[in-house]
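Student: Build out the structure end to end from the sequences listed, making use of the hints.
Sequence lines, in order, name chains A and B.
Positions 1 to 698 (the numbering used here) are the ones given, in order, by the first sequence.
Positions 1 to 698 (the numbering used here) are the ones given, in order, by the second sequence.
Treat the hints with caution; some may be incorrect.
Just so you know, same-sequence chains aren't split out, so a pair can sit in one copy or run between any two.
Under the rule of at most 30 Å between Cα atoms (straight-line distance), these lysine-lysine pairs were calculated in the DSS-like manner [said to hold, decoys possible]:
hint, residue 1, residue 2
1, Lys121, Lys101
2, Lys121, Lys638
3, Lys610, Lys638
4, Lys386, Lys150
FYI, nobody ran anything at the bench for these hints, they're computed from the structure.
Number of protein chains: 2
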Amino acid sequence: MLEALLYPKTVAVIGASRTPGKVGHAILSNLIKGGFRGTILPVNPTTHEMMGLPCYADPGAAGVEVDLSIIVVPPKAVLDAIRRSAAAGVKAVAVITAGFKEVGEDGARLEHEMAALCRDKGLRLLGPNCLGLINTENRMNASFAVQTPKPGRISVISQSGALCTAILDWSMGRGVGLAKLISIGNKADLSEIDLLAALAEDEQTRVIACYLESITAGDEFIRVAESVASVKPVVILKAGTTAAGGKAASSHTGSLAGADIAYGAAFRRAGVVRADDFESLFDYAMALAMQPLPKGDNVAVITNAGGPGIMAADAIETRGLKVQPLHHEISSSLKEKLPAAASVGNPIDVLGDADPDRYAIALDAALDDTSVDGIVVILTPQAMSKPAETARAVIQRIRGTKPVLAAFMGGADVLPARDEFVAANLPDYPAPERAVAALKAMCDYAAWRRRPPRVVTRFPVNRRRVERVLSRMARSGRFEVGEADAKEILRAYDFNVPPGQIARDAEEAVAVADRVGYPVAMKIVSPDIIHKSDFGGVRLGLSNAGQVLDAFDLMMVRIARRAPEAKLTGVYIERMCKPGREVILGMHRDPQFGPMLMFGLGGIFVEVMKDVSFHLAPITQEEAMEMLMGTRSYALLKGARGQGAVDLGGIAGALQRISQLATDFPRIVEMDINPFIVGEVGTQPVVADARLTLAEAS
Amino acid sequence: MLEALLYPKTVAVIGASRTPGKVGHAILSNLIKGGFRGTILPVNPTTHEMMGLPCYADPGAAGVEVDLSIIVVPPKAVLDAIRRSAAAGVKAVAVITAGFKEVGEDGARLEHEMAALCRDKGLRLLGPNCLGLINTENRMNASFAVQTPKPGRISVISQSGALCTAILDWSMGRGVGLAKLISIGNKADLSEIDLLAALAEDEQTRVIACYLESITAGDEFIRVAESVASVKPVVILKAGTTAAGGKAASSHTGSLAGADIAYGAAFRRAGVVRADDFESLFDYAMALAMQPLPKGDNVAVITNAGGPGIMAADAIETRGLKVQPLHHEISSSLKEKLPAAASVGNPIDVLGDADPDRYAIALDAALDDTSVDGIVVILTPQAMSKPAETARAVIQRIRGTKPVLAAFMGGADVLPARDEFVAANLPDYPAPERAVAALKAMCDYAAWRRRPPRVVTRFPVNRRRVERVLSRMARSGRFEVGEADAKEILRAYDFNVPPGQIARDAEEAVAVADRVGYPVAMKIVSPDIIHKSDFGGVRLGLSNAGQVLDAFDLMMVRIARRAPEAKLTGVYIERMCKPGREVILGMHRDPQFGPMLMFGLGGIFVEVMKDVSFHLAPITQEEAMEMLMGTRSYALLKGARGQGAVDLGGIAGALQRISQLATDFPRIVEMDINPFIVGEVGTQPVVADARLTLAEAS
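Tutor: Written as structure tokens, this is what we have:
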């Protein structure tokens, strides 16, 4: 996949230049100096030779088959460069040139034309407005970066070209190699999705580290990312989430799911390891690229200093991992081998004067102990410490059975040790807390890899009935589905809805009430009134015909006064629900990732405490239960303060049905069941009120 | 203060050695090689000369006045070394030797003797079991660390000697100087409190950075730390909080305050900047030592790369700081000076090809803009970037009026810039998020420095009446104060308690009920029953004499059955409270920091949602209000879901009275008012139930 882009045999540089400082010069020079294992073809009509290579006016003029064009000509000349590339048999182009979508409408138009032309000619397009790409395997530095990294196991996809320069400089400084580095620029054609898929198949790539500012095609992203993450870890730093996130948490339950929550849900589903800041991105990528995955979350700490051992233990506990003592037999045997003052608990303190041997002995013990899942080795450079020798001793002992991460603290004294570690594929961090954070990322990813297969239950439902309601709405040009219609839709998906019906006048209201049985609720039905109770449009617990008559007349008078413009269809009469625990079930179609389900306890729990949980549809039964457990108020559902447990399975089932409904009908963009009334196990949970919103464009 | 320890003219090294690898050799050699500006006196009975200096058998033998002894002899010889130091006129000793409290009881005894001897002889004692101390001002490296730092503005107090070696190595590597570095070891005499006080007066010290595992004398710590923090920033990394923190949040409200919460409350009170991990400790200390404090929380970001600018903006928003656009005039004028593609919003994007001049222009604009309180300058090393020159341009422009922090990202390419920055006292961080975190720490500290003077209201109360109740409890050997006595105590502190009285039999119960007025509550009174309702010992809403008679007899029968061993005093009859919002007020005496007040909404808000806030007593009215606002459920108190606001001032006043009661009577170790019933403004909040626990040893 993307063979022509990543493994070309011949690369044309259209706009190559011999003037230092020009981008066309930097790229040509990088290709040559990087030692590209293929043919380099400078293209520039003004000369026949450039930097010792024959130079042509056209990529087709050399008479060889060209696989990839790197295009660095001015924006207006790009289309022609693509055309000539196509004519020369090129299969992929990387457009470095900037001045497209990012500068305004004219640029966007040109970019659109460029993408269409590439599609038309059967070319794949990287960029425009990108730094280019680097593949250390075939030594292709087709970028204008200043440096060429050494080969390694991490591949980078970056939506910021400038960030690539910092990444390369870091990579050189730390001695951490890279497999591929791809700057995706404006993503006119190739996006993070295509490159994730390509790198999944790349043998050199053990981990994919991405810096993204936007995600193209959310559901496809999830699908591809999930399949890639099943093969190798994908670590993503998603920037620019807060401004959008700040708009979340409005009064409406659906919009509680802000962009940041949506990204969180999407990444969780897809098994993407999320990095919260720049340092984490490579902290995690290094650990995942260099060490095996942990089988559990019990961490052993080996240290020559008490303080940093405590810091590590604090970080382990804070992040939800465990620091358990070593197995008794192992700690007894370790005790005999270490000085009396050493501590063989966990952390294992090998003392300030520890030599490399003492570290080796402790590491062997932790590796032998089957209850230990991961190991953090800490060193502070004390008078007797030999950091580099200790690093070598640690490297010699590791077995590839469980992850070992180092935190050799300090500066110049530990630098040689750091270099030894990196060269031996053992990640090293400047502070214990960062090693622990990386280990936690590994544990989470390992747990995701171990997850049972996801089975989404499909319930037998009456889709036709829903289609009928939606068609009716569409014909009348309405997008807000009120209680009566919403309940009809939910009935079709086998929700338990109290018996009820619309009545157009007082007599009909009494007739319906007599039929469904008292006590009844009466709620106004009007396409113009969404928040019924704000207008006095809800009356509960009417227990006889007289009360129904009174309520009807009063409601009509008052609503006519408060909302004189509202068109009134009538009232909805239904039997009162039995009391129970009120919960809110919601769905909000995220513009990126599709239907996002919401769950929370009713009233103040959602509105004041913001105690809600989210999950992307489609959802499995286990995931629905996780949504319940994901709220702090879950304890109340399980039974607390003298109340018994409510029917948790009933709530989970309802979430699954909403998931199915949202998946079946993309026109539904929002849905609230509020409240959904749940009783004890054995009772039937009931939809007390509901509303839906449809997309305006069908 | 501590002149003899920090600024000695003559230092004796008792146990000096000429054998490399020995601690006594390392210390002597460090003093000599460090260039100590004073007299060094090796003390060792086996020789007359050591490393070119005259060596004596006794510190008094040289015939000069000795100020400080560094003691490195074996544990059993330490007391003698102290005695001989005292005889030679020494005023301070630093005991490097280990093998005391940390190895068990014998060691603890010896340490105790040592401290007593020092007290007796009027000597101050640092250690034992420490690395020693370094003062770069008089070039005294009286430690066995391998390195001597260069002079700087940060002083370090560390409870881990080994960590000092990592700090020194980091300091050398980063080129960040230190003023003093003091390893406090077992703290047999001098503790962090003494050293904080001493360093507050030290002109070389601009910031004190502490690594602490325990804190000696919590209330004195708060007092001293608060006074030091009023002069210069104190940054503390407190390790070892999680194991204890895990024990918190039990069912009992008082013990919701775990150790970590107590440290948090203490640090907040004292204005201590808390570092959550090792890197933050020096990230924050560097910023505070090198740059002026911000006047507000609006941050301008200058960057040559979009991605890192977004990362900074994300971090600014996430941490609660602000990214506002520049003032219109300033951005217009900036727009004219920068290339058209540059962005003059905030972040200010000076573009990938920015030269030092462009950074200087943008920095001038941000410095000119009075709405900007702090500035983060980001650079990624792109083809045209000149990191070191840019650093110099930035350094030349800063005015010392607002903090400027740098995040020059990458490795080798930006290293020269980092060195320039540190040399010019401009902190530089490897990633934007870390610069922002440091700026946030500065903002918080600046806000604390700007806080209004704390005025703790003293209410007129009846202390005598409380003393009488407590004496009565003491005489009967009881420590659990039940409802009736607790309410009497609270009445004495002017709490509003419903009229009520203990009744010993049914007739008396009716008489009391008749007097206080119906409806009444009846609650069992027994020193053996704390949780009254668990035993059927609470009956509410009794509305006439007959119901009181029935309830009394039933309660006696049932309790006799359920708790046959309980001694029953009678029942407490009181008038029912008017309904209102139920809140919980608590106090728990933290073993370190004293009375910790707690506030939360009643019932599930505390028990399920753990939505509580804490503050150390004594508390001001503002702080009491902050406690209310510190809970998520505060919105409910302010009025939500159709209910009006409750009497917030009444709750704040109650917290202040509890604060006064807890301060006045140290014997009270726990207190719960649960529920405290609060109505609308203008009503009187009422103590519905209360209990206290007294210390067993008076």
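Student: Each hint: holds or not?
Tutor: Here's how the hints hold up against the structure:
| no. | hint | verdict |
| --- | --- | --- |
| 1 | Lys121 - Lys101 | within (21 Å within a copy, 80 Å between copies) |
| 2 | Lys121 - Lys638 | neither (61 Å within a copy, 65 Å between copies) |
| 3 | Lys610 - Lys638 | both (19 Å within a copy, 16 Å between copies) |
| 4 | Lys386 - Lys150 | both (28 Å within a copy, 24 Å between copies) |
Hint 2 from the earlier list is the only one contradicted by this structure; the remaining hints agree with it.
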